[in-house]
Every structure is written in structure tokens, then in C-alpha cells.
Amino acid sequence: MGTEAGSVPGRQGVPVGERFTGSSVKRMEDPSLLTGHAFFVADARLPGMLHASFVRSPLPHARILRVDAARALEAPGVVAVLDGWELAKLAAPHGVTGELGQAKDGPDFSILATDKVRLVGDPVVLVVAEDRYLAEDACDLVEVEYEELPALASAEQALAAGAALVFDALPGNLVSAGERQEFGDVSQAFAKADLTVAAQIRQHRHQNVPMEGRGIVASFDKESGSLLVNAATQGVNATREALAEQLSLPQEKVRVQAFDIGGSFGLKFGASREEVAVCAASMVLARPVAWIEDRYENLSASGQAREESFRAEAAVTSEGRVLGLNVEMLIDAGAYPGLAAMVVPTVREMVPGPYRMEALAFQATVAATNKASYVAYRGPWASETFLRERLMDLIAKELGVEPLELRLRNVAHRGESPSRMVTGPSLAGLTTRESLELMAELVNLPEFRRRQQRALERGRHLGIGFATFIEPAPGPRALDKPPDPDEMEHVRVGLDEDGRLLVYTAQMPHGQGHRTTLAQIAADQFGVDLSQVTVVVGDTDSAPPGFGTGGSRSATMTGGATLHAARRLRTKVLEVAGQLVDVSPDQLEIRHGEIFQAGAPDGLLSVAEVARAAGDGSQLPEGVDRDLQATAVFDGGEGGWSGGTHCALVEVDRETGQVEVLRYLVVEDCGELINPAVVEGQIRGGVAQGIGAVLLERSVYDESGQFLSGTLMDYLLPTAHDIPPIEIHHLQSVLLDQDVNFRGVGEGGMIAAPAAVCNAIADALGSLGVEIKEQHLPPARILELIAEAQG
Amino acid sequence: MLSDNGPDARVLAGGQSLIPMLSLRLARPGLLVDLGRVPGLDRIELGAGSTFVSCMVREAQAERSEALLRRIPLLRDTLPLIGHEAIRNRGTLVGSLCHADPAAELPAVALALDAVVTAQSASRGSRRIAARDFFLGPYTTSLQDDELVTGVEMADQPPGGSCFLEISRRRGDFAMAGLAALLAIEAGKVQRLRLSFCAVGDRPILWTEQELQVAGAVLNDDLIQHLAETTSAALRPIADVHGSAAYKRQVAAVLVRRAIRLAQLRAESGPDPETGSGG
Amino acid sequence: MYGPDQKVDIQLSVNGMPRRGAAEPRRTLADFLRDDLGLTGTHLGCEHGVCGACTVLVDGEPARSCLMLAVQAEGRQVVTIEGLAEEGKMGPLQEAMWEEHSFQCGFCTPGMLVQLSHLLKTNPTPTEAEVRASISGNLCRCTGYESIVRGAMAVTRRQPDGD
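These protein sequence lines are chains A, B and C, in that order.
To get the numbering used here, take the position in the first sequence, counting from 1, and add 3.
To get the numbering used here, take the position in the second sequence, counting from 1, and add 2.
To get the numbering used here, take the position in the third sequence, counting from 1, and add 57.
Wrong hints could be hidden among the right ones.
Stated by the list, open to error - Subject to a maximum C-alpha distance of 20 Å in a straight line, what follows is the list of computed DMTMM-like cross-link-like pairs (lysine to aspartate or glutamate):
(1) C:LYS64 - A:ASP140
(2) C:LYS178 - B:GLU65
(3) C:LYS64 - A:ASP134
(4) C:LYS178 - C:GLU118
(5) C:LYS64 - A:GLU139
(6) C:LYS64 - B:ASP36
(7) A:LYS400 - A:GLU777
(8) A:LYS400 - A:GLU500
(9) C:LYS64 - A:GLU316
(10) C:LYS64 - C:GLU81
Keep in mind that the hints were calculated from the coordinates and are not lab data.
As the structure is a computational prediction, the values presented were derived from the model and not from experiment.
All chains should be built: construct the whole structure from the sequences, respecting the hints.
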């Protein structure tokens, strides 16, 4: 396991040589979770609370001819039934709510379907009743008459001439057709190349599937005209912004709170159409209304991701140097606009990865189809790694070079120029080469190849696969861009009269342990014990600006902002303390919540006493800053990459197509670790999702757009039998910032793992002539590929 | 109660198959008849040469019955493959047979063992239905609406070897293809062979040595390959999100080879004195 | 016999205390525990018996409370996650899992803890394979399971005080 050498793992309140940072201190979040006293949105019980349920489309594409809710209105316990037209009067979006709660360019659409349904599960009618069972009963009584339309079940179908339109305002179902962009001299790269390796590579549709689905409790108070929301959300500010805009309420009249959240991985962001509808219902009824999504809704309608395909060509020298890539990308964005078009710039920027490429041509098309909307899923741009790492193996095979060796030939040496990706971002501080070298040692490749050969002689197929990646966590400072406070993390730190340090952030942890990790930083910087710190999250009334948790920002940006804010507060506190004990502040320090003169063993006074004195003011002269709060804004500083190398070892049963992951290794570099156990938990969780994506998970639509994976027996998640122990080795990058060298790790596991596993399967089946150009490899598909290869 | 309410009434035994259908609103019975309160339905009656498993015997209870597993070693292989522990704590053997999910393991085992269910109705008394007459199609048995299965009788397995193997996406999932194999050999020749598949058709599918025309044949690799090819080619599996029909046929053949070999190994090594398995 | 709208009286023991309520025949045990008895520690992740988040003990054996009707629990002894901590004090299993960072978002936790507490009662020194087999019916989306297995294994190395 990876606790830092010399640290004391898990002992609450016992620092490592006086530091909490770097130690796997136990999480403050855990006691309530472990004893059944957590508070998830489905646990909310308000007086007079009603329950909402949706009537949803059984068809992928149809006109709505008639909605008859008469029988539903008569049903026991039913308080209201709202259709799309009624809701359109209450909530009038001007476009996509999208990420960050901002309206995006895109076709207008209604909160509930009005004239058309555009996917199986499209919400049509909202029923509100005294009880969830009664609400669902009443949903069964709503009659909707549809006229079926041709369904667009794939991006290719949607883009074909004469295809039916998902939105009239989207000609050709084209959400966006980006121009081809070139970086470096593309034609020269291909002219210089000794060979070109071309491939069509695709990823399949799969999805977040947190164990807790979406949920919201909306309470509108008619008298004050204010809306109080309890939502499972990754960002209370973004949700407030989205709801206020959609419901035409001033932001000050909307308060969003979030408590415990059962995972999200990018799903629970801003406000979905259902959440807006539930808030609107509460406004109409002036009563609290709760909606707790069920698993069918979560699988069919909450959103899906990753359905992206590529045509790519690589310009390669005979020594295996990849000079450049020419890439065309196609994204299946689903029906209602979501994140898809926004992911393109990041994919484009990231596709060269840590390799020294001199040229890139990139073009992306985004198509609308009759499927669930494309949402953010842990590392939304991850297809760039899948494409690049699969290509590297195809190139290696073409040249007869070991895949690991090919990567080493293409990775820059640290300090070697150019130290920028051809698409612009700085590569300063990357330890990709070191991670590849360490991985080679750890797996003992020559020994594995001997073992693989012996196994093959006995009819068994073992394989090894690698993937390198870099993750913008949060990424280096953008070129030519002035700092934008909206994109930075803000932290406010304050002191209460008991001497408790309060850290306010817009981060909304949903498993990442921020209430602990940020406290570790604050405690160290300020000088109190961990038990003296409270990280305050989950309320727009107290949250500083910031969109919430996502994009692997919290370690660096929020961690950095916390560090700087805590230091500023310490300075202020020492100023006040200095006045109280008549000692110069630069002679004073804070340890364990007490003020000491440097070098003296006895405390002079407590932080609590300083706080009380500042609050009272009578003991202090005029002009002393008594406001014991400090804020800091941080943009991530220099560097900002996490990354490394993943390796999977698999065995493929060629008779049944079943794959077992025998061993999985990660060599990663996320700079300084705030809490090693938290870091490793994030990595393992991401890797598990990556393994799941390849072997088990697929969001299934048939050729007619009918949705087929609506239960957890159809959409398979990995179990404890499917994920092996994952060995993690940490590197530490060159320290680039004087103070803040923590990087994010939330997404890396999920970005690299699918490539590592697919590369391993390709390696295992290489002797059979199998070529892998896709990410989903269930047993049936593996046998098909073997049959195709064997002719 | 069943006779009064016809098809609108469903029997609630373990509930592990029925209650998800209620939650998903795929089944909407007007009446549930809960057998959980009726005393005496959870007996495993060990008779001379056969065992009667009453209708409320839970799968976990059967799994813990050494006496039952010694008499019917096939169940030792099969029961741990059904779902997960929490499912088996509630689910019943008889319930699984009556639910007749084409992918379920126990119907195939019942067919392999030539099990006999006892069905009882208020007006007509009881009757015995052999497994080969019981499973008619997907989720369809030959039970009348007013009949309740009070238990299933399974004869002790004769000497020889047996095994149950399945190919599933994850451990505990329904099979994509499953096979119960019973084998008796003498001097290397097949005396008795029963191959009973689940998940590769609309109901469990049984072949005997007679139907396969292998009675008295030498059991060697060629014969096993021939059996794998013949049986799998005759299957009409139903494709689903987990596998195409062609895939299921392919792995069915793999199962035939692996199951017969394992059953042969067990037949040759004799019963395990400790557990009685291998028999 | 009870009509569909008619509520059935239910008396049972929950976490060692006699409790009673009334529920329609179709109401699941999970909803009864959460809504009627206010024990929201038991979570619903799928409502079709696959994810295991709703696992409770019924007469000492793990069962999926979303696959039981409340009326079936009449006269039974049910233990939920709230009942695993005596007087809110964490037992050795919870302490070990806290130490080992076993969980992240906490949603699967109740079902995992109920299942593992049962395992450790019947098999106090399980192998890692036995732990994985025990929780193979409990889905976790955050951890990749390794930290959960480590937490369970760590219990066997702790000597519970006075257990």
C-alpha cells in the first residue's frame, strides 16, 4: 500500500513530524457513513413533502398527439399532474443548461416534452402525489398517444442525407462540425514519414452509474418567493445558477444545499430537466416536492457518455518516432444537447499526450441522435488516451517493436526541448519517462514474455498492455489567456470564538474526502490540530464562488487556495496576538492552537482567546484588523499535470472469450500527496471503472433506438470478483511551485485503464491475428474477433 | 385462494424473482399468496432412494444440507452459482422451478435428475408432474392457475460422475449457457449420459444417451467432440444483450467438452469419502 | 386477506427493539424501514435486488430488503446498519474500515457492513477470497473493492474489546 514511508497511517490527530499533509489520516466524513447516520437526498423528510414521478416515453422518436391525464388526476393521493405545455409556462429555458449552469448554443427545448419525444425515457408528464407508490400508480393512468417517427440510432444514421431530424433547428442533426485545425506542419510530417499507420478506432456508449441516482427536494415558500433546494449535486453554485435561470428567479431567492452524495463521476451537475420540473412543481404547489430517480431512469435518461469514434493516421519513422497524427472524430451526442461539443477542444489539445509529436490535424463532428444526452463522465476527454495508446500498440506491432519500447522512443526527456505539446500546453515537470522505466522494472517484461510463450504452447493466452497518460489536474496555465477568476478556486477561512478554523469552499465532495484533505492543509498551514478544523461545504449561502467539484481541480486549486488563505489568516491572528501579548508578530508562531514565542516551550494564549479578543475589540488599539477571515484565489500555479503509466496483465479464454485481469499496476505522479489513502482510493475506483468499461459495461440501444440496458442485470458493473488488487507506485514530480505541489488524481484511473486493458487483450490474442480497434470486449465480441481473424 | 382468483393470484415463496417484477411493474398480480407463514413447508425429507424438498426450502438451506448434497452431488455444484448469498437465503428451490426462467440453473438440474414435482389444487387434489412435462416455455410451466407445487422429489444420483458448469458474465449472474452433466461409465464405455442445458433455449433442454445414440460407446476425445458439435448445433438459443445466439451455441459446445471431462474424472476417481461428491 | 389499499399491521423487532407499523401489502421492507420506521441508513440503489445496498439481516441472515415485502417481516428480527453500532459507538468492523479508508461516498456502505458483519460472525478469520466472495453481491462504484477487503481483513487482526 502506499502510505508515505515514515507516516503514521490513520491515527486521528497525530501528525507526521508535526504535519498532517502527507499522512493517511482517517476521514472526518466516515463516522456518520459507517453508522448509518449519513444524510443523502433520499433521506430528507419535510412536513407536507410530496413525491414526484415522471411519465416517460417508451419510444425513441415520436410526435406527441395527445396527453390525457384525467384518470391520473382522479387517482388516490394525487395532488398535481403537469405536462410539458404547462411546465413551459413555468420554466422557459433559452438553451442548454449544460455544464456550469450556463446557457449554451443549441436548439431550444422544453423542460418536459411537448410536441415530440426524442429518446426512450424522455420525460413527458410530471405526477405529484402524497407517496411515491401512488405517484407511480397515477403515472400508469396517464394516456399518451404517440405517432412514431424514424429513430436515429447511430451518429452515422443521423448524419446521412435525408435522415429525420431530432430537432428542426439542427439541420442534418449536426450539433457541430468543427473545422479541421492544424498544429505544426502536418503535410511535412507525413512527407517525412517512412510509413503511415491508419486505423478506425471506437469507444462504446457507457455511463456513470453512481450507486445513488439523481435526486432533489425542492421547497418553495410563496410568501418570500424563495426556493430552497436539497440536491444531490457536485456544485451548489452551478445548480443555483441553472435553476434560477430556468425558473426566472433571482439568484438571491434560490438557496441550494447538498449533504451526503452517493457518487456522481460527473453526472450530477447543474440542473437536469427533471430537477427543473420538480422545482417548478414546488412553486406551483407551495409545498416541498421530492424526486428520487430510480435505477431505470438513471440508466435510460440521466445521460450517457463515451460514444466516440475516430479515423486516424499516424506519420511514423522507421525507428518508431510518431511525427504527427491526422485525426477525425465523431461524437454521438444523444438527443438533448449536453457536454459533447464542449469536450472536443480538450480531446484535441490532449491527443498528443506526453509524446514528442511535431504535427497534429484534428477535426470533430458532433451528431444528435435519439439516445440519452452526452454527459460528463470521469475524464470526459479520455478518448484521446484510448486513441493514442491503441495507435501506439498498432504502430509497435507494425514495426515489430515492444510497445513499451516504442513509448520510450517517443517520450520526451525531462528538460529536453521542446517542452510543450504541439497543441500548446507546457509539458514542464512531466515524469512520463520515469514512470515507463519504473513500470518496465516492476513487470519484468522479458520474464513475462517467456511466461507468455510457455502458456501459449499449452494453449493459454496471456497478455500485457500499457498505457501512458497525462491528466490536466488542473493543467498548466493556458497560453495567452489572462487569468479568469471564474475559473479559479476561491477559499475563505475564518475563525470562530472557540478557536475553530472554518474552511469554506465551493467544492462538493461526493467521495473524494475533501472535508479531510482540505482540513489537513489548513491545519498544517495555520497551526491547529485536525480536530480543530471544519471544512464547510454544500450551501450556497456560505460557499465562495466556484462551480464545484470536477475536472480534478480540488487538490491543486482548492488545496492551493486553502494553503494561501490559511497562511493569510495566520498572519492576521499573529498580528492580533502580538498586540495582546506585546510581542512582535514575527516572533510568534501557532502550534496545536496555541500561540508561542518562537523557541519558548510554554504557550502564551490560545487561538480561541485571540478570536474572542478580536470579536470584542476592547483590548485592542484602533486600526488593528480584527476581521479574522481570509480569502485566497488560486489558479493552479505552474505545471498542473498528473500522469503516469498503467499496466494490465490478462488471460483470455479463447474458447469462451472470458477475460480475467490477473494483475494491474499503476505508476503515477500526482506531485505531493495530501492523503495517500484518499489518492489511492481515487485511482483504484477509476481503474475499476475502466476495467468495467472494457469487459462489462455498455449502454445498449438496438437498431430501432429501443433502449435495452435498463436494469443492473443488463448494464453490468464490476463486482469484487472482477477487480484485482491494484498495485500503486508514486513518483513525485519536480516541485514547480514553492508551496503547492499537489495534483489531482480523480480522473486518471478511468482515463488510462481502458487502453491498458484493451492493449493487454490485443497482446494476448495477437498470436491469433486478432486486431483490436474498439473498447468494449465482452466474451461474445472476443470470439467474433477471433473468428474473423482466423478467417 | 388460488382457485378463487385464477391468474390474478401469484404465489409468494422466496420472492427473489417475483418481487423485482413487482418493483419494475412487469407483474401486477391482484393477490399474493404468501407461503412464508404456512408451517411445515420447509422440510427436506430424506427417503429411501429419494429426497422430497418441500416448497419453502430455501436455496441456502439446501446448500447447508450435507445429507442432501451427498445424495445429489449436482446440487453441490449448482447451488453456489445461484445469485448471491443474500438471494439464496430467501429464494426457494421450488420457487425457481415454478418461475421457469430459461436461464435459471435449477430447472436444468431438475430435468437432468428426472425430478418430479407434486402439484396440489383445492378441487382436484394432487398430481405428480415429471420435469420433462413441467417446463413448457419461457416462464411457463404446465401448472394450472389453481395449483400449488408442494414440493419436488429427486432420486438419489446413481453411481458415476456429475457436474454443473456455466458461462456467465460475472460470478452469480444468470448463465449465458449452463450444463448439468450426469455420466456413468463402465470399462471406458458410456452406460448412461444425461446432458441438460439452461439458457440456450426457451426452456431447459435434455439429451440422454439414447437420444444421443451413445449408449455403449467408448468415451474418448472424438466422442466428446462429436457430442459437443451435435448438441450445440441443434440448439436455438435466444440472443440478448450478453450474447448472440451463435455465441451461446459456441460456448454450449465448450461446456459439453468440459463437463463431460469433469464428470468422467469424477466417475473414475470415485466418491469423495468426506463429502460424497464426485459421485 | 388484505386489500390493496388496506394497511396491514406489522410487529417486528428491529435492532433489538420491538417496533410496529402499518403498510400496504405491496410495500417493500426497505421502504418500510426507511419511511415508516425512520431508519434511513438502509439505502436503495436499484430496487431490483442486484446492488445489495439494501442488505439487512432477517433472523440473522443477510437479505435484500428491496426484495421483501414489509408484511413478510412480521414477527422477524431485523438488523439494519443502525443496529450494528451499539449506542452509536462503532464496533471493531467500523473502526477497521475507518482506519483503512474502506469507503468513499458511503452509499453502498450499509449493505457492505451488514454483509461483512455477518461474515465475520460466522467466519471470524476469513481469507481474502472469502471476503470477496461474501461481498460479491454488493456493488460499489467508488473504491474498486480493495479498500473494503482490506478493512474486513484488518478486523481479524484487531482483538475486539470484550466482544
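Checked hints:
no.: 1; hint: C:LYS64 - A:ASP140; result: 17 Å, holds
no.: 2; hint: C:LYS178 - B:GLU65; result: 19 Å, holds
no.: 3; hint: C:LYS64 - A:ASP134; result: 14 Å, holds
no.: 4; hint: C:LYS178 - C:GLU118; result: 11 Å, holds
no.: 5; hint: C:LYS64 - A:GLU139; result: 18 Å, holds
no.: 6; hint: C:LYS64 - B:ASP36; result: 16 Å, holds
no.: 7; hint: A:LYS400 - A:GLU777; result: 17 Å, holds
no.: 8; hint: A:LYS400 - A:GLU500; result: 67 Å, violated
no.: 9; hint: C:LYS64 - A:GLU316; result: 67 Å, violated
no.: 10; hint: C:LYS64 - C:GLU81; result: 4 Å, holds
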